[in-house]
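Protein chains in written order, with our numbering: chain P, 1 to 468; chain Z, 1001 to 1468; chain C, 2001 to 2468.
Mixed in with the good hints there might be a few duds.
Said to hold, decoys possible - With a Cα cut of at most 20 Å, we get these calculated DMTMM-like pairs of lysine to aspartate or glutamate:
| id | chain 1 | residue 1 | chain 2 | residue 2 |
| --- | --- | --- | --- | --- |
| 1 | C | 2467 | C | 2348 |
| 2 | C | 2339 | C | 2260 |
| 3 | Z | 1239 | Z | 1456 |
| 4 | Z | 1344 | C | 2348 |
| 5 | C | 2339 | P | 456 |
| 6 | P | 339 | Z | 1327 |
Unchecked claim - Facing chain P, from chain C, some residues (calculated, C-beta under 8 Å):
| id | residue |
| --- | --- |
| 7 | 2015 |
| 8 | 2018 |
| 9 | 2043 |
| 10 | 2103 |
| 11 | 2173 |
| 12 | 2175 |
| 13 | 2366 |
| 14 | 2371 |
| 15 | 2375 |
| 16 | 2407 |
| 17 | 2439 |
| 18 | 2445 |
| 19 | 2447 |
To be verified - Residues of chain P clear of chain C, computed beta-carbon distances all greater than 12 Å:
| id | residue |
| --- | --- |
| 20 | 50 |
| 21 | 55 |
| 22 | 113 |
| 23 | 134 |
| 24 | 218 |
| 25 | 233 |
| 26 | 260 |
| 27 | 388 |
| 28 | 394 |
Simulated from the structure, these hints should not be mistaken for lab results.
The C-beta atom is built at its ideal place from N, Cα and C for all residues, glycine as well.
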Amino acid sequence: MSVLHPDRLFASCPRQRDIARELYQQVAHLPIVSPHGHTDPRWFADNRAFANATELLLQPDHYLLRMLYSQGIGLDELGVRHGGSAAAKTDPEAVWQLFAGNYHLFRGTPTRLWMDHVFVEVFGIDELLTENNGPRIYAEINRQLSQPECLPRALFQRFNIEVIATTESPLDPLDAHRRLQADPWPGRVITAFRPDPVVDPEFEGFADNIAQLALASGESCDHFSGYLAALRERRTFFKSMGATATDHGHPSALTADLPESTCERLYQEALRGSLNADQAELFRGQMLLEMALMSLDDGLVMQLHPGVSRNHNSQLFREFGRDKGADIPLPGEFVRGLKPLLEKVGNEASFTLILFTLDETTYARELAPLAGHYPCLKLGPAWWFHDSPEGMLRYRQQVTETAGFYNTVGFNDDTRAFLSIPARHDVARRIDCRFLAQLVAEHRMTMPEASELAVDLAGNLARAAYKL
Amino acid sequence: MSVLHPDRLFASCPRQRDIARELYQQVAHLPIVSPHGHTDPRWFADNRAFANATELLLQPDHYLLRMLYSQGIGLDELGVRHGGSAAAKTDPEAVWQLFAGNYHLFRGTPTRLWMDHVFVEVFGIDELLTENNGPRIYAEINRQLSQPECLPRALFQRFNIEVIATTESPLDPLDAHRRLQADPWPGRVITAFRPDPVVDPEFEGFADNIAQLALASGESCDHFSGYLAALRERRTFFKSMGATATDHGHPSALTADLPESTCERLYQEALRGSLNADQAELFRGQMLLEMALMSLDDGLVMQLHPGVSRNHNSQLFREFGRDKGADIPLPGEFVRGLKPLLEKVGNEASFTLILFTLDETTYARELAPLAGHYPCLKLGPAWWFHDSPEGMLRYRQQVTETAGFYNTVGFNDDTRAFLSIPARHDVARRIDCRFLAQLVAEHRMTMPEASELAVDLAGNLARAAYKL
Amino acid sequence: MSVLHPDRLFASCPRQRDIARELYQQVAHLPIVSPHGHTDPRWFADNRAFANATELLLQPDHYLLRMLYSQGIGLDELGVRHGGSAAAKTDPEAVWQLFAGNYHLFRGTPTRLWMDHVFVEVFGIDELLTENNGPRIYAEINRQLSQPECLPRALFQRFNIEVIATTESPLDPLDAHRRLQADPWPGRVITAFRPDPVVDPEFEGFADNIAQLALASGESCDHFSGYLAALRERRTFFKSMGATATDHGHPSALTADLPESTCERLYQEALRGSLNADQAELFRGQMLLEMALMSLDDGLVMQLHPGVSRNHNSQLFREFGRDKGADIPLPGEFVRGLKPLLEKVGNEASFTLILFTLDETTYARELAPLAGHYPCLKLGPAWWFHDSPEGMLRYRQQVTETAGFYNTVGFNDDTRAFLSIPARHDVARRIDCRFLAQLVAEHRMTMPEASELAVDLAGNLARAAYKL
């Protein structure tokens, strides 16, 4: 019996399972549309072999690191060093073994689903990882990684990826994307504009980032108007590199619509590093509005990922840097926070703002009512901690009755774990089919409607919302 | 196969479905008790034919308007004008066609369930509305609306309504209700006392409303004591027109118990329009307490519907007015907010305060614990955005274990969409039977107990709580 | 047919039910590990017969009292007097009858499940309690209570309790525990250290409590350092009486890391009773940090039960005292509140802080992400209002995908209702088996893994987390 059962994640009640299976067959093999994620474009530009299983699958995965760390396994034991680079001194096979011996910790988590899928579907290893088979599996994955069919471009094609978006800072020269544009390889890899380093006054090195922004854009950033011009220039450049969207990671969904003189004053203080926390938040809020106004002009779709307390564990941050599993969600608030932006552009049907949340209490109370009214708003899929079977079900259960399906935008894998992308889309498709199957089984929807929706959710909604 | 499957909304697991079906058969045909809603009493007093499908079913329904608007369809295209009156210039059939062509947007929403029910059960049209059959269905509904069996009183009787409560302002002379009282027609249509326009200092025209209140009541409202006397007089008048309940739509559940001198001062400033937002909220909170004290005297059951950001979309409000689908829920708070009121009257078993919420996080955390303790408190059903299959299930799942069934009050349709009333009660009865069926199937309750509860939830609890 | 169906609480879908049944058979008869609760150690030290059904089962049970009270039954009618002592004047049989006649109120609540279990499994009474059989059941329970097999120690052994922890104040001389230590009876009854009366400046009689603490510990408590020494001494004493854990009931999870001079100043004001509410909260927050630091030294596991508005009903509190069902949950906040403590000891794998909540919105948003990262954190089971089938399911559904199973600690019965302890553990085991069965039935976990987890959840996780 395979580790991956063909009916996995469907409800076990026969009637629902049968309907889900029928729906799933219509979407299982559709191409992957990945409109938001964090893969490295150099993988596809350079097409070099991945180093080994530990560096590829384990060390960059904050889901894995956080769980192992929570059970008392030090990040140094896992070979993690500051900035995420694996340490030369830690034997990657020993790290893999530590993971293999603790694979039971992931029971009931999405990590387990994704890893099993990678083992079976990418490497043909149809066994549950254990301490015993760990070394053998490690060797087998490494063996395959050196083969042509595991090179990034080969995987891209094996995964049936229609388009994938990476995420870059406005300061990024997009060299890999330039090379990809010049390359005859037909894979579609586009960038997305993530301006946090130059719109968040509390980002590390904000003033330096602005200096770089001025250089990159050729616009003086001495004043707020020049700064906006520089951002506009960068957006145009990103569009030329395929970007159809921007993305914004803010502590909250606060937006602001301030007089220009206030913007100028806040901007000058931001450059001097003298904003207090409230002023910094206000500045970020103003910048969300500015980004929305620019989107209205240049047509880039806007994404907002708010509500995370980043690097909650200071000691770990000092020793190991960002993205090591110490980011914790915060309560969300959208109704008051988005009001200034919505007052200005909320009724513009040509503008799209896609909202994400880590606070599930906002699904039914705030997000679905907002997206079920404002023409500019759409809801992104269940995100991060909620990108999981139960999380996705709660999302559909709490969002659909008020916002329907057509105010949502299909799935985002949002990952740097390239090999898990098919697994993640597969989980999303299975859960959507399961949800639709329940509606059909309970006579709340007809089968033809559910089929149409399953296909829409698997790709069409993402294509439309992200203008792909 | 009918659009309305006889087993719709029951769990599809055969054991649960069979039990639910058995329970449902005991309640399906019980009379409708509608203790809280927004139908127009003139319909029943005048008994005139409804104009057409668009004016009756579409234009006044903010659920419909909000979804269509969210997908970029302008309210003007839907023939909506300021105040909700349909525009003469917009062809109602064209509006209907716009709706028919977008009926897929409502997949998975309660609107879809209600509309399908209306088409089949009221008009005998057993087809899914589409762009193709839209004109034919429009014509057929209009044809029937002009027939005697579709006059308001005929529908009232076809719907098997035992009693229905409308909602009126204290400034309303209740002419329709007077006429109904004088009419030999046996239908029971009662009013309910909704004093928001005269207790909320931020209501449009508050000072004018108070002037009218003075006139209507014959009490001087120059001072707080006279103002209270005027309210008492109006309550007595509403009672004489059948009212058994009051209803209060406040931004929050804040209550207050202020010294009389403070009340007087706030009242004078309210009349002058000089209260700030916090003071206005405090005044409203005091008025909730005053209403509770009056209820203790006159026996009117009190309802509180808090927690909505009304008219969130300013542009839409300016152009089209209230109730166009731009109301968004706010986080709820009851534990601290209700304390002043509960300290004063919380232990009075002869007083009833029925609580509603749009913030589902308060079900298990605040409302069920409060209602499961205080003799005066009862919980209203899942409300507005949550008046839906998933919403009702979450309500029972999150409320029952702490508050039981007998601290809830059965169903409210809370609607101005008269034709959907049987549909809404049917959904509620089906979901309650489904919930009970699960308890029986999992051996947490016996079948005789579930039968008794199904009947209680379908009407008896409402009759008792609302003193009908 | 028995009132207790062998498949109760399992999903009714045959596939899931069969798997759940198979898992449950492996854990149904495992010994009970009760690491946190409120039984009276004198019961086991003295081993005297319980008085009667009303005093044993009804009057101390705030779940029962609150529901009956919510429906207008006065606590005086239930024979409750200030401090919880039953009144001599109220006939306990009449009180029992009042309960029996209102047993329907508990339909759908955990109280109903627990009581049915006690009737059937402890007393062999396999009938649903009604007004009719009430007197007979009352007499039968009383008859059995006077028999040897219903003495506390006999029940302890019948219940297959491996270890039970009671909860005591640092001011408690632990006489019963001393006697138990000297007694050859093999039952393991340990204490737990609950310092609320001496670390919460708002606790009734705080200054007097500190005076008693000084006496009991032999340490001068004139200054903060001596006060800490006194607490250390008491912890050592509690450890000698078997304690492996401390427990803390605070209004919130706020922690603080203040300079020593500030601690001293707050402490002096606390003794004088001159702290305002914010300062009192800050002092409590500092004391949570102090307790964590002491735990790092002495190895006692720390438990935090935050977020209750105690004695919400002032009138009831004045007339009847604490713990009469008028405690209401408050919104929870852990991400910011715990930060000072986590900054200091969060990365210490040798320290354990077990978190509880009454605010289910924090499960997926805050608690699972925190426990899924910090080595010191574990999650306690669904608590109090959520210690119920639906509550436990929501807990697993919302916690597992981010924190896994191994960052949770198995079940706590947390009760003073001794006879209900087997019922409560049985419900927890059934629900855990049901949850695991769903994962197996949906091919998200293998059966051998689920079996291992069922056993771990039924006892091993508690043994490990509480060092039992």
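Verification of the hints:
no., hint, verdict
1, C:2467 - C:2348, "holds, 16 Å"
2, C:2339 - C:2260, "holds, 19 Å"
3, Z:1239 - Z:1456, "violated, 26 Å"
4, Z:1344 - C:2348, "violated, 49 Å"
5, C:2339 - P:456, "violated, 43 Å"
6, P:339 - Z:1327, "holds, 13 Å"
7, 2015, "holds, 5 Å"
8, 2018, "violated, 10 Å"
9, 2043, "violated, 38 Å"
10, 2103, "violated, 33 Å"
11, 2173, "violated, 37 Å"
12, 2175, "violated, 39 Å"
13, 2366, "holds, 7 Å"
14, 2371, "holds, 7 Å"
15, 2375, "holds, 5 Å"
16, 2407, "holds, 6 Å"
17, 2439, "holds, 6 Å"
18, 2445, "holds, 6 Å"
19, 2447, "violated, 11 Å"
20, 50, "holds, 27 Å"
21, 55, "holds, 22 Å"
22, 113, "violated, 7 Å"
23, 134, "holds, 17 Å"
24, 218, "holds, 42 Å"
25, 233, "holds, 38 Å"
26, 260, "holds, 34 Å"
27, 388, "violated, 4 Å"
28, 394, "violated, 8 Å"
Checked against the numbered hints given earlier, the structure breaks hints 3, 4, 5, 8, 9, 10, 11, 12, 19, 22, 27, 28 and satisfies all the rest.
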